[in-house]
Amino acid sequence: MIGFAVMSFKENKWGGLVSQGIGTSMLQMGNIVKNPRIWIAPILTSAVTGPIATCVFKLRMDGAAVSSGMGTCGLVGQIGVYTGWVNDVAAGTKTAITAMDWIGLFMISFVLPAILCPLLGLIGRKLGWIHDDEAEIN
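Converting from the sequence shown to the numbering used here requires adding 191 to each position, the first position being numbered 1.
Keep in mind the hints are simulated off the structure, nothing from the lab.
Treat the hints with care, since some could be wrong.
[Said to hold, decoys possible] Distance condition first, Cα-Cα at most 16 Å in a straight line; then the derived EDC-like pairs of lysine to aspartate or glutamate:
#, residue 1, residue 2
1, K201, D279
2, K225, D292
3, K204, D324
4, K204, D292
5, K249, D279
All of these numbers come straight from a predicted model, not from anything done at the bench.
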């Protein structure tokens, strides 16, 4: 969601950044149907950040199952991860919530998607797969 929002900032400005980044990237569904190639950059970004989240930062979704797959939509995914941390601390399976936990969550949820997705989107634009205004939300 963050990646899609930043990738389409040129078309959607600040309103689009907030509505897609913290709201839902499904605002792009009409555009994806018209040109499925605009979905390549967000999908590849997820393919990169997913393994980094689990293998490097050891992030897990131990909160409510409903939080899984929600990403930054209303920050539900992040709240779910945090809830899992709190539950693990309460159960004694985790000693504390560390700075590295927070850094990992912030990097995976916000920083890496905001960098990778627009870069991959730029490649798509250079290849002619994405044209100006194709990522504009209506």
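Going down the list of hints, with the structure as the test:
The hinted pair formed by K201 and D279 fails the criterion: a straight-line CA distance of about 41 Å is larger than 16 Å. Between K225 and D292, the direct Cα distance comes to roughly 39 Å. Violation of the 16 Å bound is thereby established for this hinted pair. Between K204 and D324 the CA atoms are separated by roughly 12 Å; this keeps the pair inside 16 Å, and the hint holds. For the given pair, K204 sits about 31 Å from D292 by alpha-carbon distance, which is inconsistent with the 16 Å threshold.
Among the hinted pairs, K249 with D279 is consistent with the structure: their alpha-carbon atoms are about 13 Å apart, no more than 16 Å.
Consistency with the previously given hints fails for numbers 1, 2 and 4, ordered from lowest to highest.
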